[in-house]
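Protein chains: 2
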Amino acid sequence: MNEKAVLNENITKDEAKEQIKFLKKELANLQRELKEAKLPVIILLEGLGASGKGNALSEIISELDPRLFKVYTRPGTAPQDVRRPYLHPFWGTIPSNGEISILEHSWYNIAFNKIYEDNSLSNSYIKSINTFERQLCDDGYLVIKLFLSITKQEQQKRLLALQDNASTAWRVSEHDWVGNEKLNDRLEIINSFIEKTDFDHAKWEYIDNNKRWFGSYTMLSLLVNKIKSALDMGVPMVHSRKEAKFDIVKTTPLKDIDLSEGVSDDDYKKILKAEKKRLQELHGYIYKKKIPVVLAFEGWDAAGKGGAIRRLSWALDPRGFDVIPVAAPTADELAHHYLWRFWKNIPKDGHITLFDRTWYGRVMVERLEGFAPEVRWKQAFTEINEFEKELSNWGAVVIKFWLHIDKKEQLRRFEDRQNTPEKQHKITDEDWRNREKWDEYEVAVDEMIEKTNTVTAPWVIVEGNDKKFARLKILRTVREALEKKLGLD
Amino acid sequence: MNEKAVLNENITKDEAKEQIKFLKKELANLQRELKEAKLPVIILLEGLGASGKGNALSEIISELDPRLFKVYTRPGTAPQDVRRPYLHPFWGTIPSNGEISILEHSWYNIAFNKIYEDNSLSNSYIKSINTFERQLCDDGYLVIKLFLSITKQEQQKRLLALQDNASTAWRVSEHDWVGNEKLNDRLEIINSFIEKTDFDHAKWEYIDNNKRWFGSYTMLSLLVNKIKSALDMGVPMVHSRKEAKFDIVKTTPLKDIDLSEGVSDDDYKKILKAEKKRLQELHGYIYKKKIPVVLAFEGWDAAGKGGAIRRLSWALDPRGFDVIPVAAPTADELAHHYLWRFWKNIPKDGHITLFDRTWYGRVMVERLEGFAPEVRWKQAFTEINEFEKELSNWGAVVIKFWLHIDKKEQLRRFEDRQNTPEKQHKITDEDWRNREKWDEYEVAVDEMIEKTNTVTAPWVIVEGNDKKFARLKILRTVREALEKKLGLD
Chain A
76 MNEKAVLNEN
86 ITKDEAKEQI
96 KFLKKELANL
106 QRELKEAKLP
116 VIILLEGLGA
126 SGKGNALSEI
136 ISELDPRLFK
146 VYTRPGTAPQ
156 DVRRPYLHPF
166 WGTIPSNGEI
176 SILEHSWYNI
186 AFNKIYEDNS
196 LSNSYIKSIN
206 TFERQLCDDG
216 YLVIKLFLSI
226 TKQEQQKRLL
236 ALQDNASTAW
246 RVSEHDWVGN
256 EKLNDRLEII
266 NSFIEKTDFD
276 HAKWEYIDNN
286 KRWFGSYTML
296 SLLVNKIKSA
306 LDMGVPMVHS
316 RKEAKFDIVK
326 TTPLKDIDLS
336 EGVSDDDYKK
346 ILKAEKKRLQ
356 ELHGYIYKKK
366 IPVVLAFEGW
376 DAAGKGGAIR
386 RLSWALDPRG
396 FDVIPVAAPT
406 ADELAHHYLW
416 RFWKNIPKDG
426 HITLFDRTWY
436 GRVMVERLEG
446 FAPEVRWKQA
456 FTEINEFEKE
466 LSNWGAVVIK
476 FWLHIDKKEQ
486 LRRFEDRQNT
496 PEKQHKITDE
506 DWRNREKWDE
516 YEVAVDEMIE
526 KTNTVTAPWV
536 IVEGNDKKFA
546 RLKILRTVRE
556 ALEKKLGLD
Chain B
76 MNEKAVLNEN
86 ITKDEAKEQI
96 KFLKKELANL
106 QRELKEAKLP
116 VIILLEGLGA
126 SGKGNALSEI
136 ISELDPRLFK
146 VYTRPGTAPQ
156 DVRRPYLHPF
166 WGTIPSNGEI
176 SILEHSWYNI
186 AFNKIYEDNS
196 LSNSYIKSIN
206 TFERQLCDDG
216 YLVIKLFLSI
226 TKQEQQKRLL
236 ALQDNASTAW
246 RVSEHDWVGN
256 EKLNDRLEII
266 NSFIEKTDFD
276 HAKWEYIDNN
286 KRWFGSYTML
296 SLLVNKIKSA
306 LDMGVPMVHS
316 RKEAKFDIVK
326 TTPLKDIDLS
336 EGVSDDDYKK
346 ILKAEKKRLQ
356 ELHGYIYKKK
366 IPVVLAFEGW
376 DAAGKGGAIR
386 RLSWALDPRG
396 FDVIPVAAPT
406 ADELAHHYLW
416 RFWKNIPKDG
426 HITLFDRTWY
436 GRVMVERLEG
446 FAPEVRWKQA
456 FTEINEFEKE
466 LSNWGAVVIK
476 FWLHIDKKEQ
486 LRRFEDRQNT
496 PEKQHKITDE
506 DWRNREKWDE
516 YEVAVDEMIE
526 KTNTVTAPWV
536 IVEGNDKKFA
546 RLKILRTVRE
556 ALEKKLGLD
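Chain order of the listed sequences is A and B.
Residue numbering for the first sequence follows the working numbering, starting at 76 and increasing by one per position.
Residue numbering for the second sequence follows the working numbering, starting at 76 and increasing by one per position.
All the given hints hold, so there is nothing to weed out.
Heads up, the list lumps identical chains together, so a pair's fine if it works in one copy or across two of them.
Below, computed lysine-lysine pairings styled on DSBU-like, alpha-carbon distance capped at 30 Å:
1. Lys100 / Lys348
2. Lys344 / Lys88
3. Lys99 / Lys128
4. Lys482 / Lys330
5. Lys344 / Lys96
6. Lys348 / Lys559
The set of hints was computed from the structure by calculation and includes no laboratory data.
Bound-form chain A, shown alone (with noise of 0.2 Å):
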């Protein structure tokens, strides 16, 4: 907050004027470099009632392409946002490389809204934020978030202003009147929300705007100086934050699993005929009780995640599950960060959502095959985390799974495939490629397992040589642990 803008305190109107019109020029001719140097922008406009918001909306974007920004009205307030966690619909905001997302009202006017209400302030909803832009920073994206205040006189005046004429008196309600009574005290919950998310890597602005004119001065000085320092320097990374912390507990090195495990025919129809029965009531009691489920397929190639998958959903209800099949991002996807395409998959509360291959492609393929950066892959291990506690914080179910197969099966399953016309379409040149860096890819899991089995969202290494060994397990760690959610256990 306390960087100092390079701007003219003393400057008179008609200098502001001309200072202005000399700003939007030079706001889009910025706009183009963003979209050289894929550098997104995210810009927060908060403020009090009848500050300007949008008038400054039309300052900002007055010169600008509009078909690369795209402004967001009150994003995260729409009917469907409340079955889902209340960060998805901002992830649903992010704009794509080089792109500019303006937000008029943001994950602050939620919060704003709440400590209203009660003036409590949750703990966990600041550290969700602080978390979701400093992903965002990491990722290279800047964030601007600018809060526009005028002083209550000043706002009397305007719905004044606003109800005595005809063609706007419908936007000033009763409540606008409210705010207007208890201005200095919500200013005072403001200030004080605001300087706990004042994060080194996302400023607030406080833009001064009694008078329009020196307010739009302000803001599109912040805007160019922000953006070209972004420009020139990079968004600032957060490198000094501490190492968040999570409960992690111990794993098994892949090596040490014990794969002679099997189950007799017999017992496999048994056992699975009784297992799809009880999920079923599970489902059922899931959906009453609005309970959010995520799991999360991983796995050797051919090691059976699709005939896995394939038997768990034989025992849902179609009408509250989704299979998301993963494969590699597709241009719009990499231009965003590569969290977004699974936020945008979260199932609804009360469904679930079944992930065939998932993020921890960033700490695998992305990793071994050099697709993501060092910094940002090693940084993934603490964002999956972030990610997947945000899940279940929210109240979901979160369980990954790991399909293990030893070298010898993996061999026997491909050749399989190879010399059976129905399966050949199952093998391609690429898992032979794969396999050959086995060793490679059995050092990263290690890491990715050890790293984020945490309590809350903890890894599931499935015995995979029997394949129907395999599928009852995995049948039976969702059936527990939806027992568990629902005190059935």
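Chain B: place on chain A using the hints.
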């Protein structure tokens, strides 16, 4: 409805159960064939209360690969859906090529509920549905419509059974008992509606589900037969339909457009200011009255679309409009009906969407470059008229701009771009290639305008040799259209 399914009406329960097992495997095999043949399938599951839709759904998917189908439960009933045309959410449910969408309740359910209420049946509703299904079939979608039926007595029995079981009692409401009371009346209404929507290209199938095993057997047989036949012979295309009638207004061929008009700098500034001011006002009214506005921009390369869109957008409240730049379709878009990506971007009511290039690509670049087969782009004139008619019936203002310049002016602008370093990024080899095809394009554009210049969604040819004149004409056209819609003209 009278299609003879190859099934045994006198089958015993045991025989049926054997058949069901076999049919499920068959369906799973067909799913793989669908994927290979890139044939998309939509299954609508309608039926009386407690007729076993949930169970039927489980039977259908029980052996399917969950990565290749998606289930939608009561689409179109989310709170946000009321702000879009009622077909909008259903366009969102159509599958990719080779995949299956199953809709438990569909566009028909909304219709049924409407008729229950007042027993009136809007003709335009049936027309919309007919058009929608026909457009899908013409594009190669297989649409299967199932209606599950049971008797009043059987329904009563099932509701009581649900009620008596602690884990399912919550599923039975007063509403269900009212339905049971009125079952026979409702069935009559439904029958008459089904008759009216039993199109050749998408027929209804009744499933007698009084005995679940018989219902499952019938349903699975039907699905297998219909999918097999579509794989063998293709989806029935709608050759013999009567040409839809639209109110077409006669237009002037491009070669007869007078491009000599211009405007002085002084007049431009003065008029621009006045138009902007008025548009700003009107935008507020539009928002308040929840009138949606769709503005489509097409024109020659370098005709000034970008500049015109910028000028217009600067006159609008940024909270109330979106600009959608339309580029070559992505892989995902190519795997859907070509109108899919445009339906997705229809504005909310009270909002404005500016399309920078549009669905008319179908009859320009896709026609001339051979991206769409002749039979398909020829159907597009009607499809597009229907699409725009749907928007206008919904209450939208729809205007389409063709920015027109002559060949000489284009050359001047191309050369200017080539010779000005800051503009070089705006000129590509493709632009030059397109220029060589000017005459072919002119034929296509003349035909396009001639066939789609409807009263409700008119083309406006914008004389673009003078950029300022063009911008003013666009502002004036939009302003007048809004005034007319608002009754302020």
